[in-house]
Amino acid sequence: MGAIVVSKLGKAYRQYPTRWSRLAEWMLPGARPRHQLKWVLQDIGFSVAPGEAVGLIGINGAGKSTLLKLITGTTQPTTGSVYMEGRVAALLELGMGFHPDFTGRQNAYMAGQLLGMTVEEISALMPQIEAFAEIGDYMDQPVRVYSSGMQMRVAFSVATARRPDILIVDEALSVGDAYFQHKSFERIRQFRRQGTTLLLVSHDKQAIQSVCDRALLLDGGRLAREGAPEEIMDYYNAMIAERENDNMRATVRLNQLDGGKLQTVSGTGEATVADIALLDEHGARVEVVDVGAPVTLQVTVRAHAPIPRMVLGYMIKDRLGQPMYGTNTHLKELPLDDVAAGEDVVYRFAFPMNLGPGSYSVATAIVSTDTHLVNNYEWRDLALVFTVVNMRRPYFEGSAWLDPAVDIQRT
Amino acid sequence: MIPATMLRGLWAYRGFVLGSVKREFQSKYSNAMLGAVWSLLAPLAMIVVYTVIFSQVMHGRLPAGSGAADTPYAYSIWLCAGILTWNLFAEIVARGQGMFIEQANLIKKISFPRICLPLIVVLNALLNFGIIFGLFTVFLLASGTFPGWIFFALLPVLALQVLLAIGIGMIAGVLNVFFRDVGQFVTIAMQFWFWLTPIVYPASILPADVRPLLDWNPMAHVIRAWQDVLVKGTAPDWAGLAPVALLALLLCAFGLRLFRRRAGEMVDEL
Numbered sequence: 065m066g067a068i069v070v071s072k073l074g075k076a077y078r079q080y081p082t083r084w085s086r087l088a089e090w091m092l093p094g095a096r097p098r099h100q101l102k103w104v105l106q107d108i109g110f111s112v113a114p115g116e117a118v119g120l121i122g123i124n125g126a127g128k129s130t131l132l133k134l135i136t137g138t139t140q141p142t143t144g145s146v147y148m149e150g151r152v153a154a155l156l157e158l159g160m161g162f163h164p165d166f167t168g169r170q171n172a173y174m175a176g177q178l179l180g181m182t183v184e185e186i187s188a189l190m191p192q193i194e195a196f197a198e199i200g201d202y203m204d205q206p207v208r209v210y211s212s213g214m215q216m217r218v219a220f221s222v223a224t225a226r227r228p229d230i231l232i233v234d235e236a237l238s239v240g241d242a243y244f245q246h247k248s249f250e251r252i253r254q255f256r257r258q259g260t261t262l263l264l265v266s267h268d269k270q271a272i273q274s275v276c277d278r279a280l281l282l283d284g285g286r287l288a289r290e291g292a293p294e295e296i297m298d299y300y301n302a303m304i305a306e307r308e309n310d311n312m313r314a315t316v317r318l319n320q321l322d323g324g325k326l327q328t329v330s331g332t333g334e335a336t337v338a339d340i341a342l343l344d345e346h347g348a349r350v351e352v353v354d355v356g357a358p359v360t361l362q363v364t365v366r367a368h369a370p371i372p373r374m375v376l377g378y379m380i381k382d383r384l385g386q387p388m389y390g391t392n393t394h395l396k397e398l399p400l401d402d403v404a405a406g407e408d409v410v411y412r413f414a415f416p417m418n419l420g421p422g423s424y425s426v427a428t429a430i431v432s433t434d435t436h437l438v439n440n441y442e443w444r445d446l447a448l449v450f451t452v453v454n455m456r457r458p459y460f461e462g463s464a465w466l467d468p469a470v471d472i473q474r475t
Numbered sequence: 045m046i047p048a049t050m051l052r053g054l055w056a057y058r059g060f061v062l063g064s065v066k067r068e069f070q071s072k073y074s075n076a077m078l079g080a081v082w083s084l085l086a087p088l089a090m091i092v093v094y095t096v097i098f099s100q101v102m103h104g105r106l107p108a109g110s111g112a113a114d115t116p117y118a119y120s121i122w123l124c125a126g127i128l129t130w131n132l133f134a135e136i137v138a139r140g141q142g143m144f145i146e147q148a149n150l151i152k153k154i155s156f157p158r159i160c161l162p163l164i165v166v167l168n169a170l171l172n173f174g175i176i177f178g179l180f181t182v183f184l185l186a187s188g189t190f191p192g193w194i195f196f197a198l199l200p201v202l203a204l205q206v207l208l209a210i211g212i213g214m215i216a217g218v219l220n221v222f223f224r225d226v227g228q229f230v231t232i233a234m235q236f237w238f239w240l241t242p243i244v245y246p247a248s249i250l251p252a253d254v255r256p257l258l259d260w261n262p263m264a265h266v267i268r269a270w271q272d273v274l275v276k277g278t279a280p281d282w283a284g285l286a287p288v289a290l291l292a293l294l295l296c297a298f299g300l301r302l303f304r305r306r307a308g309e310m311v312d313e314l
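Protein chains in written order, with the numbering used here: chain A, 65 to 475; chain B, 45 to 314.
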């Protein structure tokens, strides 16, 4: 239960030059087609194994929503097919079809019925739905007096009242306050642990990387890449940078690293990272660092063309690609002006390694301002990988070293 | 005629269908102080208007006959038999032609068996009809003009009429998504159809050479069946209704086929 198989899926909308041409096409026997097909999705094929979590990313208009609609069966595909096993719940348009004059409870029944549940089933789930939505007496007030967040709470609670075999989530979850977002995300995680297959569409890097096993990148109606979430997110970010970048010389390159990881490098290449190393307090290169040890990140940048203003940034990420810490020389108010072609610049960033045990990577960016969207000379993911181990401290949890001074008073 | 997958979909979503009917009924009256009374007042007002205008002002007369035809209520009963049932027919056609456009949001965003929508329209109209016709039946019983067992001959007539209505409604509903002119046209056509059917006037006042043309109006046969049973207490003209039944089935079959073939395109068009 819970598998999704999408094969050769395509969707095209018919476009008629005038209203009359559709009538002509319908009515005249043996008439030639008078419409043009506008393809929004083409040749999409992937499968999701039961219990797997897959993230779907892509810029607006890439076809994400259309793909989800095809998968849930709201729209019919022009080519190909979708096969799904088990009960599907889709959180696409939360609160769709809520009637403003009815109470939250009545609308909850309606929403449940739209999911194919019977009144008895919904009644049995109602206490749980109310408890999860946490909107108190508002449950028996008409929905027109609700805030959009409250409406969304009720809708989410109904849609996830029963654990589905397949859960399809659109960015709907970005509505609602931080508290409820956490709560709803926790419920999705819980479903995951119980074996629900998850298909998640989001622009939120954290969400994709912390929940998904795999990610799909959709671009221009086609499946552009498929792979580990971290790798796809890096590629996606590089792709956005490319789009924004005026300089068309830039391309996204992928380097295969030892251990099978893919490194994304993008940018114009007018300046590149020639060398990057993590140094211990004696200046020796290290790959394994003790928690709290003083280290220096040394980056050598080589300019291949004159750079009017150069900023170096770096980001330390954990093994899921979630940012731990990032800064740049623009934020540190140390940009360099007029770097000549052929010049080598050595940057040294000294800091204590206040991270928890685990594997981390460093991404670097050579830019002209504080983002990589204006002039992207080079963006390099996984430029350096290092491991933090705990050799001298008592055991602790988490990915940050926030050692407290403990004071306890007993009376 | 209806594929098994459609029936399974309907059964799985029976909760949604019944819930929608209930909610629509509630929402219609929930903010009105008189509530469901309004569903009685509207047709009642229409009957009063027609009774006054036709029987008093224009001196409409019914041809003499048996049963209720000779009582003082004859013309009112005759009017009710025609207008209440025409209203059922008209409501299904009107709601049918607009059902997909009205529910565009739902259709575009949520995956559910779309065939639920025509069923909801029919059930809603039948509910409204049931209330007013139930009261009318009580009136018949109270005034001693109830036609007796022949009354139940109206059930097949009712079924036939609903089939005819939803067949037309479904065809108009699907076409209306692609050609919005259809909705406008149907609204106007229904006005003409009402006056071209002997509902407020008896067929006998028509010139003799026009009267045979009524045979080509399917609703004339249906309405006459109601009038025969309720006013004269005689059985409907089954032979005359047979071609209408055939037409209703053909329209339904065509409507379903159109619906199934265009359902996917419809979602894209809405």
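Keep in mind that the hints were calculated from the coordinates and are not lab data.
A virtual CB, placed ideally from N, CA and C, is assigned to each residue, including glycine.
Do not rely on the hints blindly, as some may be mistaken.
What the hints assert, rightly or not - No farther apart than 25 Å at their CA atoms in a straight line, the calculated lysine-lysine pairs in the DSS-like style are these:
no.: 1; chain 1: B; residue 1: K153; chain 2: A; residue 2: K102
no.: 2; chain 1: B; residue 1: K152; chain 2: A; residue 2: K72
no.: 3; chain 1: A; residue 1: K72; chain 2: B; residue 2: K153
As the list claims (entries may be wrong) - Not close to chain B: a few residues of chain A, all C-beta gaps over 12 Å, as computed:
no.: 4; residue: D229
no.: 5; residue: I304
no.: 6; residue: Q362
no.: 7; residue: D467
Claimed, not checked - Cβ pair distances, simulated, as ranges:
no.: 8; chain 1: B; residue 1: S187; chain 2: A; residue 2: E185; range: 43 to 51 Å
no.: 9; chain 1: B; residue 1: D225; chain 2: A; residue 2: Q100; range: 18 to 26 Å
no.: 10; chain 1: B; residue 1: L294; chain 2: A; residue 2: T143; range: 28 to 36 Å
no.: 11; chain 1: B; residue 1: W55; chain 2: A; residue 2: G150; range: 17 to 25 Å
no.: 12; chain 1: B; residue 1: R301; chain 2: A; residue 2: R83; range: 18 to 26 Å
no.: 13; chain 1: A; residue 1: Y77; chain 2: B; residue 2: F183; range: 48 to 56 Å
no.: 14; chain 1: A; residue 1: G150; chain 2: B; residue 2: M90; range: 46 to 54 Å
no.: 15; chain 1: A; residue 1: G150; chain 2: B; residue 2: I145; range: 45 to 53 Å
no.: 16; chain 1: B; residue 1: F183; chain 2: A; residue 2: R83; range: 44 to 52 Å
no.: 17; chain 1: A; residue 1: D204; chain 2: B; residue 2: G188; range: 25 to 33 Å
Hints, one by one, checked against the model:
With a CA separation close to 21 Å, the supplied pair K153 (chain B) and K102 (chain A) stays within the 25 Å bound. Taking the CA atoms of K152 (chain B) and K72 (chain A), the gap is about 23 Å. The hint holds against a cut of 25 Å. About 23 Å separates the Cα atoms of K72 (chain A) and K153 (chain B), which keeps this hinted pair within 25 Å; it holds. For D229 (chain A), the condition that its CB be more than 12 Å from all CB atoms of chain B holds, with the nearest at approximately 15 Å.
With a least CB separation of 28 Å from chain B, I304 (chain A) remains clear of the 12 Å interface cut-off, as annotated. Under the 12 Å C-beta cut-off, the non-interface status given to Q362 (chain A) relative to chain B holds; the minimum distance is some 54 Å. Every Cβ of chain B is farther than 12 Å from the Cβ of D467 (chain A); the closest lies at roughly 51 Å, confirming the non-interface assignment. Distance hint check: the CB atoms of S187 (chain B) and E185 (chain A) are about 47 Å apart, consistent with the given range 43 to 51 Å.
Take D225 (chain B) and Q100 (chain A): their Cβ atoms lie about 23 Å apart, and the range 18 to 26 Å holds. Checked against the hint of 28 to 36 Å, the C-beta distance between L294 (chain B) and T143 (chain A) comes to roughly 33 Å, which is consistent with it. Distance hint check: the CB atoms of W55 (chain B) and G150 (chain A) are about 19 Å apart, consistent with the given range 17 to 25 Å. Checked against the hint of 18 to 26 Å, the C-beta distance between R301 (chain B) and R83 (chain A) comes to roughly 23 Å, which is consistent with it.
Between Y77 (chain A) and F183 (chain B), the C-beta spacing of about 55 Å keeps the proposed range 48 to 56 Å intact. For the hinted restraint 46 to 54 Å between G150 (chain A) and M90 (chain B), the CB-CB distance of approximately 53 Å keeps it satisfied. Between G150 (chain A) and I145 (chain B), the C-beta spacing of about 34 Å breaks the proposed range 45 to 53 Å. Between F183 (chain B) and R83 (chain A) the beta carbons are some 49 Å apart, a value that agrees with the proposed interval 44 to 52 Å.
About 48 Å separates the C-beta atoms of D204 (chain A) and G188 (chain B), a value inconsistent with the hinted range of 25 to 33 Å.
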